[in-house]
Amino acid sequence: MTLLKSQHEAMRQRERAQQWVRHDSAALDVADLPSFAFSHRSVMWWATAGMMAIEGVVFALAVMTYFYLRSHSAAWPMGGRPPDLRWGTLNTLILLASLLPNQWTKRAAEQLDLGKVRIGLLLCLAFGIAFIIVRGFEFTALNCRWDDNAYGSIVWTLLGLHTLHLVTDVLDTGVLSALMLTELPDGRRFVDISENALYWYFVVLTWLPLYAVVYWAPRSV
Amino acid sequence: MSRLRVVVGTLSIALGAAASMSGCEREQRRFDAPPVSRDGLASVQLGPTRAGPPASGASDPASAAASSTVADAGPSASASAVLGARNHDRNAFDVAQGKRLYRWFNCNGCHAAGGGSIGPALMDDQWRYGHEPPQIVATILQGRPNGMPSFAGRISTEQAAQLAAYVRSMSGQVREDVAPSRSDGLSTGAPELRRDRETPKLAGTP
Amino acid sequence: MSRLSEPAQAALRRDPELTRRNAVPPSAADRAALEATWRDPPGLVGWLSAVNHKAIGLRFIVTAFGFFAAGGLLAALMRVQLARPNSTLIGPDLYNQVFTMHGTTMMFLFAVPVMQAMATYLVPLMLGARSIAFPRMNAFAYWIYLFGGLMLYGAFALNIGPDAGWFAYVPLAGPDYSPGKRVDFWAQMITFTELSGLLSAIILVTTIFKLRAVGMSLNRLPLFAWAMLVTSFMVMFAMPAVMLASTALIMDRLIGTHFYNPGDGGDALLWQHLFWFFGHPEVYFIFIPGLGFMSAIIATFARRPIFGYSAMVLALIATAFLSFGLWVHHMFATNLPELGKGFFTAMSLMIAIPSAVQIFCWIATLWTGRLNLKTPLLFALGFFAILVLGGLTGVMLGMVPLDLQVHDSYFVVAHLHYVLIGGAVFPLLGAVYYWFPKFSGRLMSERLGRWNFWLLFVGFNVAFFPMHLLGMRGMPRRVYTYPSGLGWDTPNLIATIGAVTIALSMLVLLFNLARSLRHGTPAGANPWGAGTLEWATASPPPAANFDALPVVHGREPLWQPWPQPTQVRGLAVRQREVLVTTVLDAQPDHRLVFPEPSIWPFVSALATTVLFIGSIFTPWAVVWGAIPVGIALSLWFWPKPGETERELMLEKSP
Amino acid sequence: MKRRCRALAIALAAALPLAAFAAPDMTDAAGPQAAHILQLWRVTVLVCSAVFAAVLVALLWAVWRAPRGGADAPADVSGLMHGEPGPRRSVVLAVGVSSVLLLSLLLASVTTDRALAHLVLRDAIHIELTAHQWWWSARYDDPQPSRMFTTANELHIPVGRPVILTLNASDVIHSLWVPQLAGKKDLIPGRSATLTWRADRAGTYRGQCAEFCGAQHAWMALSVSADPPDQYEAWAAQQRAAAATPSESRTLRGQQVFLGASCVMCHNVSGTDAGAQHGPDLSHVGSRRTLAAGALPNDDAHLAAWITNPQAHKPGVNMPGTAFAPDDLQALVAYLRSLR
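Chains as they are written, first to last, in this note's numbering: chain R, 1 to 221; chain F, 1 to 206; chain A, 1 to 654; chain Y, 1 to 340.
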């Protein structure tokens with residue numbers, strides 16, 4: 001049912017856009033069109049989608065490299081124990097939990113509710129910082145160094161790549177929070193918050209396969 | 001070296017900013033190294049920092065004769081002249097060649113990968129016969145008591161200088177951008193360029 | 001209006017013009033206001049903060065052709081060294097640097113960026129848009145590309161030029177066999193050019209999907225725009241492979257990871273797989289924009305739209321998908337399983353079919369057109385002769401048994417130059433002659449154009465056809481000299497003579513460009529009588545491109561009758577407001593205020609350059625370098641004082 | 001034109017002692033594999049030339065017959081209103097023909113692949129070839145270990161008998177390519193590849209490293225001499241024998257100089273103390289035609305020059321130069337040349 005609702009919503013928006021466009025003689029008057037739009041109607045969504053496509057390919061190739069190297073070595077992990085599950089699993093739970101404030105902030109932004117958005121951004125920031133702190137412990141529990149062997153190298157690279165995306169998005173959320181707390185935002189800022197929330201979904205969704213690869217692939221047969 | 005190389009050099013320098021020239025020295029590939037004359041080896045008087053008895057373990061009459069004339073003469077200018085002309089510590093190609101010769105000449109047979117086994121460790125801060133390049137070259141060419149053979153005549157001074165530069169990089173004496181990285185074999189701990197610089201100390205009695 | 005702050009409302013009362021909208025037909029006041037709004041600020045700081053897509057586009061094109069000249073000089077140097085056997089003009093060390101710099105410059109610093117540069121300038125004009133999407137990010141992409149190229153040539157000048165080939169196969173490019181910082185500078189250059197390429201790709205996709213003129217549905221999109229759209233998607237899915245590979249290489253070299261260490265779990269072929277997974281689509285990033293130029297030139301100079309528009313678009317898309325499936329034909333000589341190689345032979349042969357479709361459609365267009373034999377069309381015809389031969393030698397190289405004989409021989413050197421110079425440089429030069437009037441407002445000389453074409457065409461074939469023979473006679477690639485008496489001496493001499501002729505033709509081009517800038521006959525808005533939108537505005541176009549945005553009703557707007565409504569009214573003239581349209585049918589969706597010129601993209605590019613170069617010398621540079629980058633990016637994002645108020649004046653929520 | 005060039009090349013080759021090889025031309029096939037590939041090569045060149053000619057003719061005809069028009073000529077947009085059946089039919093036909101030709105070439109390629117894979121390998125010679133930075137070492141394997149021997153840079157193989165090469169690299173990636181015998185195969189560190197040859201015609205065939213492998217990639221040649229079986233057996237027997245012990249005083253002094261100098265750190269001469277494997281095996285260096293993997297002809301003058309300053313002839317090579325006293329040098333050269 002929800003799918004149908006969103007289709008209905010999109011159609012209603014399109015009709016409203018059409019009705020503001022008046023044809024008279026040579027010109028098409030667009031003065032009454034809205035000055036910003038959410039989701040794929042906005043230009044910022046396409047930039048976020050592009051970044052997600054690129055980084056998705058980087059993650060996919062890094063995971064393929066992991067299994068390529070595994071197929072080339074007799075023992076995997078090469079001379080060592082697989083990473084401890086404690087911190088990784090805790091982090092995965094934190095990340096899944098962070099989806100709630102993230103979705104809440106996204107809907108608040110789309111309703112242009114400044115109060116809720118300010119609270120939501122700070123919540124997301126808190127979850128993000130918590131995730132980074134636990135990620136620090138994760139690195140200590142990998143039971144290998146990056147320069148031990150090919151296994152150590154690819155495991156550290158996978159975790160490092162995801163941490164890079166995590167840190168950049170938390171910084172982005174930080175800057176957005178600072179902006180929303182100090183300035184009177186115009187419509188476009190709410191679109192930025194909605195896209196930043198979309199990118200956080202990407203950070204969460206890419207972590208799930210990486211978690212399976214880094215923590216469970218060495219334990220499988 | 002050739003007319004066209006000069007033209008290309010001036011053209012490129014016009015293109016590049018006049019960045020620091022340390023990059024040049026590090027990257028020199030000295031393929032035109034002049035061959036050290038065979039009898040020239042004998043005339044290189046390299047005195048050890050500490051008057052040790054001439055190497056006893058020389059396995060071959062010819063080299064023993066060569067090293068005996070070398071050992072008893074005091075340090076002379078020509079040794080540092082030969083080495084000083086080109087500072088192997090600042091040339092990445094020389095240090096990398098030294099690392100390759102360290103495996104080829106079976107130095108790891110006694111010194112392992114720097115941790116030492118029969119021979120003393122080379123990556124720590126303990127030095128018995130001096131940690132300066134000329135002193136290490138002297139140690140290589142003259143040999144030392146308790147098993148270090150004399151390689152005079154077997155290893156040219158140029159190669160000995162490269163080996164000395166590599167040995168110094170094992171304990172972080174060589175600049176980080178010149179020191180070699182990992183080798184294409186089994187990992188032997190952190191690569192030389194990631195090792196912190198040890199402050200060389202004089203070891204106990206020889 | 002209600003959320004407007006008190007000072008903003010006061011400002012509006014003082015100057016109501018702030019929210020004046022453009023009228024149709026555009027008045028002189030509109031035109032002056034738009035010019036003042038969209039112009040880049042004057043002065044040096046203004047020049048560094050320019051974000052106008054035409055300013056950035058021209059700088060991009062000039063820089064790319066600068067690197068093309070540098071790469072060409074290096075090629076001339078190689079040909080002089082190889083003219084005679086046993087030549088000692090250049091030693092092996094310098095020659096290895098020269099041929100690596102030639103390959104790296106041509107592939108990474110010229111071929112791919114010049115196509116994105118031309119698109120940065122032309123695509124917004126072709127789509128009837130006021131600006132490219134994300135103009136500040138576009139400026140950042142250009143600065144990063146420029147600093148990357150300068151870093152590489154600075155290193156080359158200090159004898160730190162890469163010397164392991166433009167493909168840098170490990171273990172030769174690895175830490176054990178490439179001491180010093182040469183390969184590190186190469187790997188870091190990859191990071192620069194890939195970052196710039198990826199950002200340009202995102203920018204072009206967003207521009208083509210969201211900023212098209214009203215009514216320009218996807219099936220009315222000009223073929224050059226289709227080519228750039230397809231190329232940008234390929235860039236987004238192929239370049240990450242080489243970024244991952246070069247990052248792994250620089251980590252192997254600097255912090256001792258073991259990705260490519262055969263002795264400790266790594267694999268030498270991992271690099272080749274990752275590199276060529278990017279490598280082959282890369283040569284199609286270079287080739288497909290060339291096809292876009294061909295479609296634009298042939299349509300205008302055959303006085304009719306290209307035959308088989310939908311077949312051409314599907315062929316572009318098919319080429320893009322197929323190009324991801326044939327990277328192993330670069331690795332036929334390795335010990336990979338033979339059946340696997342067979343699949344890649346099939347894919348390599350299949351990709352010839354979409355290109356065949358395009359070539360036959362062009363010939364059909366020429367067959368049924370009315371030809372205007374000017375220089376751009378000459379270069380297009382030159383494309384046919386050279387590319388088709390290169391494509392056929394490519395079919396030969398795609399077959400495993402033949403590739404085992406001529407792989408890494410001079411036969412491959414001949415093939416790659418036939419498809420790259422024939423497939424991309426000829427259409428590119430045609431495009432320069434075709435759009436130079438739009439860039440500068442003056443036509444280039446036809447006489448010099450013909451000299452340029454015929455010198456290049458003859459010189460090219462004299463230089464590269466004998467290389468087929470050299471390859472069959474067993475001369476391997478990348479040799480700094482060769483013994484005499486093996487049948488290699490005469491073809492090499494002929495090739496050098498050809499190379500000199502090519503250099504001559506490039507000088508003629510340079511002279512033609514310089515002369516035409518001042519003395520070329522003035523060209524009006526549409527000197528060639530072309531059909532696409534970029535010819536609807538003045539030459540060179542005003543800062544805002546169009547006084548009033550056009551409304552499109554057909555595939556060739558200037559050739560077809562133009563029913564009502566013809567233009568768009570209601571966009572602010574005192575603010576950088578653009579019209580965002582829907583993806584499929586380009587119906588008006590919403591108005592958007594674009595960012596002002598800003599110095600921060602330049603500063604961020606500088607900070608990123610410091611980080612990248614620093615990280616070659618110490619890994620800690622990544623940590624400490626990230627702080628200035630973070631600060632610069634945050635200040636770039638932060639709204640300028642008064643910017644939010646001005647936007648609130650025009651705000652209307654959906 | 002090609003026939004004349006090859007004649008000229010051979011004449012030149014005979015004149016110069018250095019390049020004593022015929023031009024390594026893939027069209028001069030001396031074995032079944034090169035012959036199979038050459039056959040496919042000729043078929044493909046034929047088909048591709050025909051397609052190229054057809055496309056050029058179509059293009060030139062189109063350009064020749066089409067009427068001319070200036071920039072002001074009105075553009076013919078009729079094609080947008082209604083379809084153009086004429087050109088569509090010819091384009092579809094042309095694309096169809098191209099696809100069929102490509103398919104036929106694919107089948108030809110696959111059949112040639114199968115033919116290459118089915119070379120009869122009964123009583124083959126087994127050679128383990130290892131590539132180093134800028135020279136080749138070859139070990140002729142044999143079921144009896146005592147009959148194994150090692151040589152460098154020059155292989156001899158019996159005419160008519162297959163040869164199975166096991167390819168390894170000790171440092172970087174190299175690629176073995178003898179155009180007259182078969183296609184190339186990469187030697188990759190950490191991986192082992194196999195290549196099969198069979199020479200049906202006696203002669204000396206020049207091979208070269210085909211994968212860029214560093215400073216001296218240009219001077220990393222390998223010569224393969226296909227000899228009649230008896231001549232091969234004689235050569236192999238000679239290679240199996242230990243190095244000749246010096247008989248007269250000059251060569252004895254040369255051996256003393258050899259064992260006293262830095263040569264022993266890298267080279268091996270069977271029957272003496274010198275046993276290092278980092279440089280080419282010199283046990284039978286006297287019998288080889290060239291020095292330094294094809295860079296210099298093997299005669300007294302070049303050998304002396306090479307020993308004194310190898311960097312001058314092959315800059316970047318890992319061999320250090322040693323300036324012996326003149327008489328020592330002569331004795332050393334005499335000794336090495338005596339190692340037939």
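Worth flagging that the hints you see were computed from the coordinates, not collected in a lab.
Ideal Cβ positions, reconstructed from N, Cα and C, are used throughout, including at glycine.
Treat each hint with caution, since some may be false.
Unchecked claim - Each pair of labels, with its calculated beta carbon distance range:
| id | chain 1 | residue 1 | chain 2 | residue 2 | range |
| --- | --- | --- | --- | --- | --- |
| 1 | R | N143 | F | D196 | 55 to 63 Å |
| 2 | A | V45 | Y | R88 | 51 to 59 Å |
| 3 | A | A538 | Y | W64 | 53 to 61 Å |
| 4 | Y | L56 | A | I631 | 57 to 65 Å |
| 5 | Y | Q238 | F | G185 | 30 to 38 Å |
| 6 | Y | H313 | A | P619 | 49 to 57 Å |
| 7 | Y | Q277 | F | A121 | 50 to 58 Å |
| 8 | R | D113 | A | P522 | 29 to 37 Å |
| 9 | F | A112 | Y | Q238 | 36 to 44 Å |
| 10 | Y | H313 | A | R518 | 51 to 59 Å |
What the hints assert, rightly or not - Facing chain A, a subset of chain F residues (Cβ under 7 Å, in silico):
| id | residue |
| --- | --- |
| 11 | R29 |
| 12 | N146 |
| 13 | M148 |
| 14 | G185 |
| 15 | T188 |
Hint check:
1. N143/R <-> D196/F: 55 to 63 Å: Violated, since N143/R and D196/F (Cβ atoms, about 24 Å apart) do not stay within the stated range.
2. V45/A <-> R88/Y: 51 to 59 Å: Holds, since V45/A and R88/Y (Cβ atoms, about 57 Å apart) stay within the stated range.
3. A538/A <-> W64/Y: 53 to 61 Å: 37 Å Cβ-Cβ, so the 53 to 61 Å window is violated.
4. L56/Y <-> I631/A: 57 to 65 Å: At roughly 60 Å between Cβ atoms, I631/A and L56/Y fall inside 57 to 65 Å, so the hint holds.
5. Q238/Y <-> G185/F: 30 to 38 Å: For Q238/Y and G185/F the Cβ distance comes to about 36 Å; the hint holds.
6. H313/Y <-> P619/A: 49 to 57 Å: Violated: the Cβ-Cβ distance is about 41 Å, outside 49 to 57 Å.
7. Q277/Y <-> A121/F: 50 to 58 Å: 27 Å, violated
8. D113/R <-> P522/A: 29 to 37 Å: With Cβ atoms ~57 Å apart, the hint is violated.
9. A112/F <-> Q238/Y: 36 to 44 Å: 41 Å, holds
10. H313/Y <-> R518/A: 51 to 59 Å: For H313/Y and R518/A the Cβ distance comes to about 55 Å; the hint holds.
11. R29: 4 Å, holds
12. N146: With Cβ-Cβ at 32 Å, over 7 Å, it is violated.
13. M148: 27 Å, violated
14. G185: At 4 Å from the nearest chain A Cβ, G185/F passes the 7 Å test, so the hint holds.
15. T188: 10 Å, violated
The earlier numbered hints that this structure contradicts are 1, 3, 6, 7, 8, 12, 13 and 15.
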